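Visitor: Residue-level listing of the chains:
There are 2 protein chains.
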Amino acid sequence: MLSLEQLNAAATAGDFAALLDGVYEHSPWIAEAAWRQRPFASLAALKHALATVVREAPIEQQLGLIRAHPELAGKAMVGQGLTAESTGEQSRAGLTDCSPEEFDTLQRLNAAYNGKFGFPFILAVRGPRSTGLTRREIIETFARRLDNTPAVERAECLRQIHRIAEIRLNDKFGVVPLQGRQAWDCAELLARHSDVQDAAGDPVLTVTYLTEAHQACQAQLLRWMQDCGFDEMRVDAVGNVVGIYHGSDANAPRLLTGSHYDTVRNAGAYDGRLGIFVPLIAVRELHRAGRRLKHGIEVVGFAEEEGQRYAATFLGSSALTGSFNSAWLDQVDADGIGMREAMRAAKLPATMEAIEAEKRDPARYLGFVEVHIEQGPVLNELDLPLGIVTSINGSRRFVGEVIGTASHAGTTPMDRRHDAALAVAELALVVERAARREPDRVGTVGMLTVPNGSINVVPGRCQFSLDLRAPTDAARDALADEVTGALQRIADARGLRYRLTETMRASAAPSAPAWQVRWEAAVQSLGLPLHRLPSGAGHDAMKLHDVMPQAMLFVRGGNSGISHNPLESVTDDDAQLAVDAFRQLLEGLE
Amino acid sequence: MLSLEQLNAAATAGDFAALLDGVYEHSPWIAEAAWRQRPFASLAALKHALATVVREAPIEQQLGLIRAHPELAGKAMVGQGLTAESTGEQSRAGLTDCSPEEFDTLQRLNAAYNGKFGFPFILAVRGPRSTGLTRREIIETFARRLDNTPAVERAECLRQIHRIAEIRLNDKFGVVPLQGRQAWDCAELLARHSDVQDAAGDPVLTVTYLTEAHQACQAQLLRWMQDCGFDEMRVDAVGNVVGIYHGSDANAPRLLTGSHYDTVRNAGAYDGRLGIFVPLIAVRELHRAGRRLKHGIEVVGFAEEEGQRYAATFLGSSALTGSFNSAWLDQVDADGIGMREAMRAAKLPATMEAIEAEKRDPARYLGFVEVHIEQGPVLNELDLPLGIVTSINGSRRFVGEVIGTASHAGTTPMDRRHDAALAVAELALVVERAARREPDRVGTVGMLTVPNGSINVVPGRCQFSLDLRAPTDAARDALADEVTGALQRIADARGLRYRLTETMRASAAPSAPAWQVRWEAAVQSLGLPLHRLPSGAGHDAMKLHDVMPQAMLFVRGGNSGISHNPLESVTDDDAQLAVDAFRQLLEGLE
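Listed in order, the protein sequences are those of chains A and B.
Numbering-wise, numbering that gives the first Met the number 0 puts 178 at position 179 of the first sequence, and it's gapless, one number per residue.
Numbering-wise, numbering that gives the first Met the number 0 puts 344 at position 345 of the second sequence, and it's gapless, one number per residue.
Hints should not be assumed to be uniformly reliable.
The list treats identical chains as one, so a pair stands whether inside a single copy or across any two.
Derived lysine to any residue pairs resembling SDA-like cross-links, with alpha carbons at most 20 Å apart [said to hold, decoys possible]: (1) LYS346 x VAL234; (2) LYS358 x ARG37; (3) LYS115 x ARG496; (4) LYS115 x GLY494; (5) LYS115 x LEU145; (6) LYS358 x PRO348; (7) LYS115 x LEU499; (8) LYS115 x ALA492; (9) LYS358 x GLY459.
Just so you know, these hints were derived from the structure itself, not from any lab.
A quick note: this is a predicted structure, and the numbers were derived from the prediction, not measured.
Okay, chain A solo, but in the shape it has when bound (with noise of 0.2 Å):
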């Protein structure tokens, strides 16, 4: 067994690489030029500085790292030329048992896979909860990984190799992950729970608001906030799952938190979920250990956010801010059954009064705090587990249509076209240049197409839609400002008209800077490095926002932070340390 003790003690780069001899394959430079950054705070510290060396080294040593690794097809099934661990982890994964399909079919893609890359495919076998991939699971990774550009891919496989390091690492130093392995169990187990199940009857996972999957994750939560020790639990009058583990001073204000539960439709396992599990989780020791904060806990599992089954979405924490709409009970789903009808079938009282009865005092309240796995690529690429949010960001939205003439492509002389689509595609651009000029603020033209076009027809229309988000309100009314002002000057200086209507505008929510300073010393006590960045979807906090005091903590998701997708992903490690952080907030609150 190896400490960080031992590491950090090693004199010489030769004996820091020695004692992580077999983390990474034969590449000793890598723990090497990391032995500068020594002392190490933490395994976590020492994972991220290792990443970090192959990150910032030149791309010829990083594709010698990923040439030094073994392919995966070939050579793993025939037993040749592997090192020891990674025969087991191959075998842990079930790789030696292919089926002669399975062997055809990863021969093929192996073979695809070179012509293409010129490097070997690496996947981490044992996955995200360290205990190994199905078959089908690595074959369909290889398969969808083929399509990655040459960049892309090469980045993913070093993600890979650092994966492997890391389970590598946490076997060397005998450490098991097991509170993020309990949040990724508990992430499985809730989405077996589904409205939509493919043919074979697996979850295709999908749970919209007061379905019958939707009361079943209910009493999945209630039964989780029971084994965990949480003195009250109940059902609110919207759905919301609520629990409290009582503080020592039953006058001290409460911490608030919680995540959704519901799901948008074939979603990933972790949206919402993580940030009702990582609090339950950190309750679960303050109850094993017999200890009460000074504050009470309230957590809440929200019963809708996505907006999935109604028009409306935040149903859940709208309930707690006072701000459900009464109008909403009368919204209907695609099949006509109203919301009204849909919570008495699910014993909810269905009332107004009800509701409102729901509405959260903010004077008996600490604050709002909100886990969520990030929902995009940034922590990914830094190779960092967890990211401070600095605000969630104000959005508009807005669909359009240029209209200009349509005329013959042939005939048309260049200067006297009036192209819609050549103004959208300005436009597009503009939207790039104005929203790159500023960090963290994002502008998409999401939707774009030229009406019934024809390879021989100057475009005399093109629709498109505008997706502009910044982290203040300032920002983004200055980059739709900035957007809109542009499609004027391209429309008059083309002779085009065009019509644009505004669909959507929410407000920036930035974070409370005492709260968002919680989540920072919390995340450096575990030795990792502190990255802040802003929410570019909307939460539960935005809501909670407008009551009290809020601030989030991302996690990193893997597949390039892919989200609204089964692919999402969040390690046993990453989550480990959610946990980690989370219970360190809660100890900062005295």
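Given the coordinates of chain A, work out where chain B should sit on it, guided by the hints.
Guide: Same frame as chain A, but now just chain B:
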């Protein structure tokens, strides 16, 4: 009756303007400015000079001219404030007999028009044949022009004012464009034959290869050839209608001319057909005068150019050049009717032997000339009735798709995106810049779409088309190389992949210099300035180019040069000038 001699003799600008009083509404400045350009070689030259004065005047002066006109609706119908000419013109168009509904519609359109543009709606109500538009045509034009941008509509009003002035000048000079009206009437009559009728039984002009309407057109063209005094006339093996007017020297090579009589769906009446009527009417004049030129004249109404019924195009001209592909006979139309079967039903031999017998011996021909409506906006914007074609542009077409990474529009920072649509936006602007850099090139992204795009998703895919044309194959290929090279660079810079497939490549057909000069001489002899331009669209001349010298003459299209559309328009005056130019060309052949 006014004469050019009188006008050219005017000693002062004032005298000159007095002679032209009433031609332009209350705006003697136009004639005064044109006076400096006297003497005028022809009425056409005078008309062009007047229009040029207006086109080059400051916008405020142009608006003054427009505002000097009474409102078509309202004032016209209550008979107030109109000059005698205006009342007469509107009366001829039947506007005084409006129904209450039509009156209401006109009042509504007028209010909307004044609100949008701030100047009165101007329309030459005597129309392209000088004999009056229907109330329905007037109302439809009014409604359509309401959609124009102010700059486009201001220019259209000025063109309508020139048309009003042209008709007034014709009246003042006692000129009637008789042959032009014959051509116009032929177009109207031939357009009564159509494969498609609307709900009211009116033709939606569509004449595709060998349908009943197509055969009716053959019969009509044969009758007209007979009327015009042709010596021989027949329908050939592919359905071309061929008429020959012998020359005085039986051994002298013939002039070959003509154009196609098939149409696209919902077509205009002049595309192709004008190029048959003009030589027919020219021959008629020779025949009436009992004259024979040294060279025979062979006029071909080509049976097929548009590729509407079968996948192949240029079936008619291919037979003459010996490039009719025998495999085409096996093609089937949308109803499963094979080309052979369609030929037999139309009483054609349907054998390659018969088709190959139609191949012309180039040694027996001087060359090929073709008169065609421009199908573009150039001549219309320059107030020029005729243009000299320098080349039929070569073209290349591509369809493509850029593949990036779909990701969350809120959570993906700008510098982490692989946005497929932005790459296509850049490409579209590269196409525009590259095409603009050299005259007579055009480049178009006509199809552009983000498949299944969402407002909050960074585009992962974007599909597009490219249509690139230039007067020489070398220029066309240079343009294509520049554009495809840019696509590669853009994709590399953005970390994207792409697919690009070439779907068409057509060679340029530059005009034979000696024949282009003949057209130039003919146009100059009419007192008109020369304007040379390439043809962006393909024509039968492109096929004949493979075997003999060719050159084309373009005739101005009204309604901004719109084509493949029922709004396609040619005036009687312009058709007259085309006949005059053709006759001049004939005279220059000796």
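Visitor: When no copy is named, should LYS358 and ARG37 be tagged within, between, both, or neither for a Cα gap of at most 20 Å?
Guide: neither (50 Å within a copy, 88 Å between copies)
Visitor: Between LYS115 and LEU145, at a C-alpha cutoff of 20 Å, which is it: within one copy, between copies, both, or neither?
Guide: Answer is within; shortest intra-copy Cα gap is 8 Å, inter-copy 56 Å.
Visitor: Quick one: LYS115 to ALA492, C-alpha cut-off 20 Å, is that within a copy, between copies, both, or neither?
Guide: between (44 Å within a copy, 19 Å between copies)
Visitor: Under a CA distance limit of 20 Å, which applies to LYS358 and GLY459: within one copy, between copies, both, or neither?
Guide: Answer is neither: 52 Å inside a copy and 42 Å across each miss the 20 Å cutoff.
Visitor: Between copies, within a copy, both or neither: which fits LYS358 and PRO348 at Cα up to 20 Å?
Guide: within (15 Å within a copy, 88 Å between copies)
Visitor: Between copies, within a copy, both or neither: which fits LYS115 and LEU499 at Cα up to 20 Å?
Guide: Classified as between: cross-chain Cα gap 18 Å, same-chain 43 Å, threshold 20 Å.
Visitor: Within, between, both or neither: how does the pair LYS346, VAL234 come out at a Cα-Cα threshold of 20 Å?
Guide: For LYS346 and VAL234, only the intra-copy Cα distance (10 Å) is at most 20 Å; the inter-copy one is 84 Å.
Visitor: Regarding LYS115 and ARG496, is the shortest C-alpha distance of 20 Å or less found within a copy, between copies, in both, or in neither?
Guide: between (46 Å within a copy, 12 Å between copies)
Visitor: Treating 20 Å as the Cα threshold, decide for LYS115 and GLY494: within, between, both or neither.
Guide: For LYS115 and GLY494, only the inter-copy Cα distance (15 Å) is at most 20 Å; the intra-copy one is 46 Å.
In the structure shown, a violation is registered for the earlier hints numbered 2, 9, in ascending order.
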